[in-house]
Structures are given as C-alpha cells and as structure tokens.
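Visitor: Residue numbers (the working numbering), protein chains in the order written: chain A, 15 to 324; chain B, 961 to 1236.
Derived by calculation from the structure, the hints in this document are not laboratory data. Each hint should be verified, as a subset may be incorrect.
Claimed, not checked - Keeping only pairs whose Cα atoms sit at most 30 angstroms apart, straight-line, the calculated DSS-like set for lysine-lysine is:
(1) A:Lys300 x B:Lys1212
(2) A:Lys78 x A:Lys236
(3) B:Lys1233 x A:Lys291
(4) A:Lys300 x B:Lys1236
(5) A:Lys127 x A:Lys181
(6) A:Lys291 x B:Lys1236
(7) A:Lys93 x A:Lys29
(8) A:Lys205 x A:Lys236
(9) B:Lys1233 x A:Lys257
(10) A:Lys141 x A:Lys205
(11) A:Lys247 x B:Lys1212
(12) B:Lys1212 x A:Lys30
(13) B:Lys1097 x A:Lys29
(14) A:Lys257 x A:Lys247
(15) A:Lys73 x A:Lys127
(16) A:Lys239 x A:Lys35
(17) A:Lys247 x B:Lys1233
(18) A:Lys92 x A:Lys239
(19) B:Lys1146 x A:Lys257
Unchecked claim - Under 10 angstroms between C-beta atoms, here's a sample of chain B residues computed to sit facing chain A:
(20) Val975
(21) Gly1137
(22) Arg1138
(23) Pro1202
(24) Gln1206
(25) Leu1207
(26) Glu1210
(27) Glu1214
(28) Gly1215
(29) Phe1216
(30) Leu1227
(31) Val1228
Positions of the beta carbon are idealized from the N, C-alpha and C atoms, including for glycine.
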Amino acid sequence: MQAVQIKNLSYSYSKKTPNEKLALDNIDLTIEEGSFVAIIGETGSGKSTLLQHLNGLIKPQDKKRSCVVINGMSATDKKSLRRLRFEVGMVFQYPEYQLFADTVEKDIAFGPKNMKLDPDEVSQRVKRAMSVVGLDYDEFAQRSPFDLSGGEKRRVAIAGVIAMQPKILVLDEPVAGLDPTGRSELLSLVKKLQKEISPTVILVSHNMDDVAALADRVIALKDGKIVADGTPKQVFSDRRLTKAIGLDVPTAARICDMLAERGVSLPRDIITMDELKSALLALLSKDAPLNADQPLPNIPIPNDGGAADV
Amino acid sequence: MPFIQLKNVNYVYPVREGASLKAIKNLSLSIEAGEYVALTGMNGSGKSTLAKLLNGLFKPTSGEILMDGVSTADEDKVFDIRRRVGMVFQNPDNQTVATIIEDDVAFGPENIGLPRDEIISRVDEALAAVGMSEYRKRQASALSGGQKQRVAIAGVLAMRPDVLILDEATAMLDPEGRDEVLSVVKRQNQNGVTVINITHSMQEAAMADRIIVLRKGRLAIDGAPAQVFSSGALRSCGLTLPPAAQLAAELKAEGFDLGAVTDEASLVEGLCKLFK
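In isolation and in its complexed conformation, chain A is listed as follows (with noise of 0.2 angstroms):
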C-alpha cells in the first residue's frame, strides 16, 4: 500500500509577485507504507515545502495538474482532509515551542480530544503516548511542562503527536539541540515509534551519520526538484552524484576518501562508522603490513570518483 503519492507538484512562493520563488519543481514520488524515508538536502532546496503538502498545511497550487494522495486521501478534497490531519502526524522543528497547556497531561491530551474520542480513549492514548516516549505518568503528568528539560519537552510534543496514533510520522530535524545523549535516545524512539504506532516515518536531517543509521530510503532535494534517491548505500557511494549536487556524506565515507587519497583503499560502499571499523580491523589484521607493491584486498577506486570536497 502507497503511504504518500505525490504526481507533478509545483509551488511557488509569492507567485505572480518580481519576488516569486520555486520551490517545488514538478516532484513525483511514492513512499510506500512501512518505509523509513530520510529527506535531505541544504537549506532552501524544498523540503519544508513538500512536508507541508503532507498534511494539507499547503495545498497544491496548480490542482488540476498536481495530486497528492495521503492514505488514498486526496489533500484537495476538503471532506477528507481533517481525517488526512490526524493521519499525517507532524513533528516540526523545535517542537517544544508548541507546547502550551497548563499540564503535560492536558498538553498530549489536545490533539486525541480533537478527534472527538471518548474521555476514556483519550485518557488510555496519553498513557500510552507517555509510556513510548519514557515519561513515567505519575512522576510527568500533573507537572507544567514549562518546567521540564529541553529532552523532556521535546518528548513531550512527541507524545502530543503519536497520541493520535498517526499512520504516517513525519519529523524535522527532531533531534536538533539536543545534548548527545538526549540525541540517542530520541532517534532510537523514532525506530520504536515506527514499529509500534507509526509504521511510516518521514524524516527531515542535515546529520548524513543518521540518515545512514536509520532510514531505508533517502530522498536529497535541490532547488525543489529530487536529484537523488535511493537506498542510503546507493545514494551516499555514488561519489559522482555527491559531487555533482553538493551533498554532504556520512563521516564514515568522508573518512574512507580521505584514506583513498592517501592510497589505502576501502570499499566505496561503508556508509556506517561500524562498517569502517570492520573493514580497518580486516586490514590492519592482515600479518604482512601493507605496501604499494601488494594489491589491496578492495574494490580499486576508480579514477572520476575521485574525493569529495569536503
């Protein structure tokens, strides 16, 4: 089943004004349900814009042209579109700023009451909201979440979102601020997120390290148009394709062309700091030290994949 069908989608920002700005050219793109999707690219390439149309916040401007289809829900159709919301669960950047009830309790609660679900559901849905994202409901529930930590806060409006159980989780730059460990914590919630609530996650980052950690699939926008996208191997050891679009790398790779330049040759597809160590470890375990006259045990670097800029 297809999560999100988008076919030919445009918009421009102050249209027909001398200030007029693309920044969605004509993307098509399928996401099937169950799928962890990362979206990158700089900022200003198009991705807010697009995460936008998800859940209707932007409708399609040019709607005879344009389709977008969450769930099978059009996001033009009106009828559809307050049942396309509470499918399509948007966590923006900085989260916490969002928060605004008197408790953390009655915060997570706004949304499930919205919905219109019996006291009894809402009350079971923050529980349960609470408990996946690891406040405890007796120590959090009563306080003001004004007075929490920034990774509780966050938590917080995470809690607020995957209260309505949405199909399809969508986050931008979620852990951005946070400490390492609040780090960690949070993305590792994201991968149980998707498999007990949100079997379809979204996910907006500048940290290529992540993306290659997590997400099956990357999409890398540029000037609003996707100029890669594919498995995070495919995409991030096409050096070619890097190179040509500006993309950043994950360390692991960067560290690998650093290396090749220096004539110790690794596979071009480690992506992952564990996949580096891996592959250091079998050539630094080999007995006879290495040297120019020995081949390498790898793939050899071919010449127009030459380093990355970095």
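With chain A's structure known, arrange chain B on it following the hints.
Guide: What follows is chain B alone, placed relative to chain A:
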C-alpha cells in the same frame, strides 16, 4: 593575571515558593586572554547559566567573577563588562532589533553614544569581518540562518569586545551555516578575541584549544581536546566522543593505537602511520 577568573562561584535559581535550583556549584576556573574554549555538558549542566554569569546578566549568589580584574557584581561596571563580553544566542530569529542589517549592527555603538563617523566605521568593519558587507542595506528577515547569526556576531563585534560567547549559536543552523559561523569565529580568535563556544557538538568542541565540561553545575573535565577525548571521562558526563575519536578508541581496544585523535584528519594521519 588571567583575563577571566571564577572564584568559588555558586548560582541558585529561585524556582517557586521555597524551592530553588543550584545551577552552578562552587566553580573555580580561569581563562586567559586569547584562548578558544569550548564549554560543554548535558542539557541542564549549567552551561548557559555560566555564560550569563560571565557577562553580568546574572550575578553570582556567592563567590566572585573577575573580568580583567573587574567584578561582574560591580554595578558601576556592568555596562562596561557587557560591552567587553559579547554574546550570541541560539535562535537566529530573535536577536535582531532593526529591520535593516546595518541599523541592527549599529544598535550597540549607538547605545553607547559614539559619534556618527565612529559608528559608521565600526559597522563597516564588523560587517566586513563576518563577510556580510554586501548585505548591509538588506532586510534581516530575508537572510539564511547562518547569515543571521553572522549579523548577530557583527553586532557584537561593533562593540569591540574582548570576549565572544556563543551560546549554542550553531545549533539551529544547517551544516553550511554552521561552517560559515565557525570560520568567522576562528578568524576573530586569531585576531585576539577570547572565544567561549557553548556547544553539544563534540566535532565543534574539537576545534577549540581547550574543552571545559560541566556536570550538574560542577567542573567535571578541563583540558586540551586530545586529552579530554582520550581520558574516557566524557561518557560519565552524558557526552559522546566525536565519531573519529570514538573509532580511534574502539581500534585501540582491539590493540591498534592511533595516538591522539580529535578529528577526521588526525584519525587518517594515525591510520596512515599504522599502514606504513
């Protein structure tokens, strides 16, 4: 004498009736003029409180902070200290006071009543220092995050500060914006400005001469990046090594010592030596 001196500093936030929160506990340290210091620690470790203590926004509950020999608690000197210790905050969107960029940068110098010519020359200089001269007549709202933070830094530089404190100033930026800001900061440090960069990013911390780690309001680690990363003490402060240093540590555990690794370049250097 060190430029910045903290002597047994404590800071307590009153939370609500009867309750209080000790954010800084008995902290003593000194920073020399011209140092590039990274200040790090988990959320809630007291980093931002310390930054606000350093430029006199907060006064120590007990203990003393001397800035070039002047106490930050000295009411008569507080404006002088704020001029000398400039701060750039996290959110690029709420640090501008004027619509047009050059007016924003001129705000500080205008406030201290400098003559017009002096203001103009300082604004020119500050915008040039952050590479934003060509944007001077533009609207601040039309800039990227990295550009906005560079303008915020220009506003601080126009006051000719001795110390530049960045309070997670790159946290909301994309990688490109982050690099822009960090290279401006590096250049200012080379020109003699003392830099204190508060950050969660260990890659960023690795760029400093010295890393100071706070844990629950106390000084936990203080040393050069190579020293701090190899000490194994970061984890107990809720922090992680930068990826390159982490890999070096794991390889060392397998019997391959790469020497001091702080970043990707030193990792590659260490590996190449082993492969020779």
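Visitor: It remains to establish, for every hint, whether it holds in the given structure.
Guide: Hint check results:
no. : hint                 : in the structure
1   : A:Lys300 x B:Lys1212 : holds (16 angstroms)
2   : A:Lys78 x A:Lys236   : holds (25 angstroms)
3   : B:Lys1233 x A:Lys291 : holds (17 angstroms)
4   : A:Lys300 x B:Lys1236 : holds (13 angstroms)
5   : A:Lys127 x A:Lys181  : holds (18 angstroms)
6   : A:Lys291 x B:Lys1236 : holds (18 angstroms)
7   : A:Lys93 x A:Lys29    : holds (27 angstroms)
8   : A:Lys205 x A:Lys236  : holds (27 angstroms)
9   : B:Lys1233 x A:Lys257 : holds (28 angstroms)
10  : A:Lys141 x A:Lys205  : holds (19 angstroms)
11  : A:Lys247 x B:Lys1212 : holds (27 angstroms)
12  : B:Lys1212 x A:Lys30  : violated (61 angstroms)
13  : B:Lys1097 x A:Lys29  : holds (24 angstroms)
14  : A:Lys257 x A:Lys247  : holds (15 angstroms)
15  : A:Lys73 x A:Lys127   : holds (25 angstroms)
16  : A:Lys239 x A:Lys35   : holds (13 angstroms)
17  : A:Lys247 x B:Lys1233 : holds (29 angstroms)
18  : A:Lys92 x A:Lys239   : holds (27 angstroms)
19  : B:Lys1146 x A:Lys257 : holds (27 angstroms)
20  : Val975               : holds (8 angstroms)
21  : Gly1137              : holds (7 angstroms)
22  : Arg1138              : holds (9 angstroms)
23  : Pro1202              : holds (9 angstroms)
24  : Gln1206              : holds (7 angstroms)
25  : Leu1207              : holds (6 angstroms)
26  : Glu1210              : holds (6 angstroms)
27  : Glu1214              : holds (6 angstroms)
28  : Gly1215              : holds (9 angstroms)
29  : Phe1216              : holds (5 angstroms)
30  : Leu1227              : holds (6 angstroms)
31  : Val1228              : holds (5 angstroms)
The structure is inconsistent with hint 12 alone, although it conforms to all the rest.
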